[in-house]
Amino acid sequence: MSAYLVRRALGALWALIGVAIVVFLILHMTGDPASVMMPPEATKAEIEAFRHEQGFDRPLIVQFASFAVAAAQGDLGLSLRHQEPAMALALQRLPATALLASSAFLIVVLVGVPAGILSALRPRTWVDYVARVIALIGQSAPTYWIGLMLILFFAVRLGWFPASGIGDWHNLILPAATLGFFSTAKIMRLTRAAMLEVLAADYLRTARAKGLTFPRVTLWHGLRNALLPIVTQLGVELGTLLSGAIITETVFAWPGVGRLAVQAVFERDFPVVEAVVLIAATTFVLLNLVVDLLYAVLDPRIRYA
Amino acid sequence: MATAAVAASVPALDDAPFVGTRTASLRRLARDPAALIGAVIVAIVVVCALFAPLIARADPNAQDLAATLQPPMWVAGGTHAHPLGTDNLGRDLLARIIWGARVSAIVGISVVAIGGTIGVTAGLLAGYRRGWVDAIIARITDVQLAFPLVLLAVAIVAVVGPGLWTVIAAIGLTSWVQYVRVVRAEAMSLREREFVLAAEASGAAPPRILARHLLPNVASAAIVLGTFEIARAVVLESSLSFLGLGVPPTTPSWGGMLADGRQYLDTAWWTALFPGLAIMIAVMGVNLLGDGLRDALDPSVQP
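Protein chains in written order, with this note's numbering: chain S, 1 to 305; chain E, 306 to 608.
Pulled out of the complex, with its shape left as it was, chain E reads as follows:
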């Protein structure tokens, strides 16, 4: 009778709403205010990148030598025509910042695509196959990690020559190791799990096991890492452009704008302040989103 009472108090399985892992993760993400702020910031940057010609009122490369180094509109001498002021060639800062989002977005996404593909593949192979495959990948990873990343990217760009795709390749080649470390560790623990052993016993080939069984289970960690790598790539690209080793000067980029604004720090502070704020806010948004994704995808991790 006691058993019947207890059984009656437990809802039947059919009555309980089923919430999949993905839905549960999305709900956790939606309840995190910092992650939502991050998502909004990232969305704004993406919209600016995609629709720059429609959003920016002015041509980012149009020079007006009669209006050089104009202050922002709320400072004496500023006008509504140039809300954030102009640079040393009379180009509108706001338009250049909006167009600059394109370079940052392209670099961030491309670097993660290249670095992530190489790194996740290498990490899965190293973690699943072990043996000499793991040993070789581990040695290559150790060597890569021995290099200061900025210096390595500078050296590569120095030899090949500056340009957007050189920068993407240089940063992508330096970022893959981060994925190897994380994915390798996950793959090593997953390969001993029953579902992998069952797949092997049923005769599944290694590529199928890697793609169908291991990859979906390392995806969460790779996605979180990818988000932080976007932030790192944006900062690294802007650093290379600041050094004059990034995109050509004619292409609006936040780092390039900072390099131009450096010499006018005492007379036109806005030329250095606003591009830097743009980078900081964009990267902060990506970091907040990454933190939120990490907490949503793995709730056992304490903030």
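Okay, chain S solo, but in the shape it has when bound:
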């Protein structure tokens, strides 16, 4: 088990180093980060002065070394627009995104998994068909369109929830439902497929033949064994929710890191864009590490592989 832990932790470390390299390279993609960061009307002299001030005239490897050291300490420079540390600005907005993503995740677990189980227990009935059609819609419709339609019906027409902004739990419902829709559909389909496979297994037929109660057969024997791929996918979906938050936050004017990143793009505030990408990627890597460890706990075969 400890060898597995060490291997996974080393893998996560490599991924973080790779993330730092990619974040550094994105800004240098055009070859001249100074002209990318300066406004279009800046003169050559101003761009040259900015280039020297930021150290973009140093050799690339030297630039990367100082970037990596600074990034490890959480220092990505000042926001060009707000003149505050870019990392601090991004971290301020992180709790709002975390709240939105975790609420959406709750919806995915509490709606997607039970819907998948129900669909598998009642195959080829109207329950199954309705669930599968909704799942297909959820996986096909763009997140922002679902958000706009939810705003149209529940905020504009019915007036049940506010259309934008952060506040109490009323403000959370529509954004969380929007963000969670796609992942709920995916988890529902996966749960259905995993349960169908498990329900057809011989050991479950034996359990039924032994006279065990329906919940014991379905939940204790059935769901427990179907859980492995579901839990793995739930971990992946948590990452997808973080990724999708950028769109949902824009639709609902939710003050999270995603919306900050989009605003920073339009304001050409690249230190902030870098900070958001670094935070998001680091969170992804750590989440995947937790999912890998959880997988090892659930499936003893993985630990000793």
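FYI, nobody ran anything at the bench for these hints, they're computed from the structure.
Check the hints yourself; a few may be wrong.
[Stated by the list, open to error] To give an idea of the interface, some chain S residues facing chain E are shown, with a C-beta separation under 10 Å as derived from the structure: (1) 141; (2) 145; (3) 148; (4) 163.
A virtual CB, placed ideally from N, CA and C, is assigned to each residue, including glycine.
Fit chain E to the supplied structure of chain S, relying on the hints for placement.
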């Protein structure tokens, strides 16, 4: 005598109709109603993309400021001249939706071509060569997968500047990893098969083995994945256009139309509803076709 009776009951090999794998797969696909619906939807989108100037009655960019935010024809105030209504600049929604299929089709096909070429090549190399080649490709894949895709595409577009080809490059660069994972696993299992070992023993060079022996056998998995990647690319492009980071506003795109329609949600719901329906139906068609292809090409997979 019993043996003769049994032998007589078995049809001779020459009499049995030979059905190749490809034909069998196509037959399975043709018998799947959901896949056929998907294929029809995809065909409609492709026809709209190819023949937009002939199909759309109106010019998608023609503004009529006297007819802004007109409702669809079945709603009071609508006209037959604009069946799905008009937007805030009086442009015909139906014409813009038909022309918008072009951007989605170009992005979908280009992204799969770029991402698929890079990903399948990398996956074959990683799965066949193993060793340090596999280790490097695996590390690069892990790093790529660490990034939220939308954020990565936004960051790339932010630096390079918005535009159709930037969007295609950004999405293509983020999609190649999906092929690596699938193709690598297939290549790793195929390299131990007898036909590959025989090819190596007869002196075939690695490029020939990859191209003639491995590639045809991973093609099915890559095609199915490619179909789902088209759907993802269409949604991602529309998301970038919705954020204002996609194609220029003058080019009709479904995401751009949704961005324009957002501010008129309470007064002109059709400007947001119909472009979104177009995206949803197109993506649904591609997903249904992908599901059908997967089941047709590998019947051992349970739906």
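Now for the hints, and whether the structure bears them out:
1. 141: This interface hint holds because 4 Å falls under the 10 Å limit.
2. 145: holds, 4 Å
3. 148: Nearest chain E Cβ about 5 Å off; hint holds.
4. 163: holds, 8 Å
Going down the numbered hints, you'll see the structure goes against none, and every one checks out.
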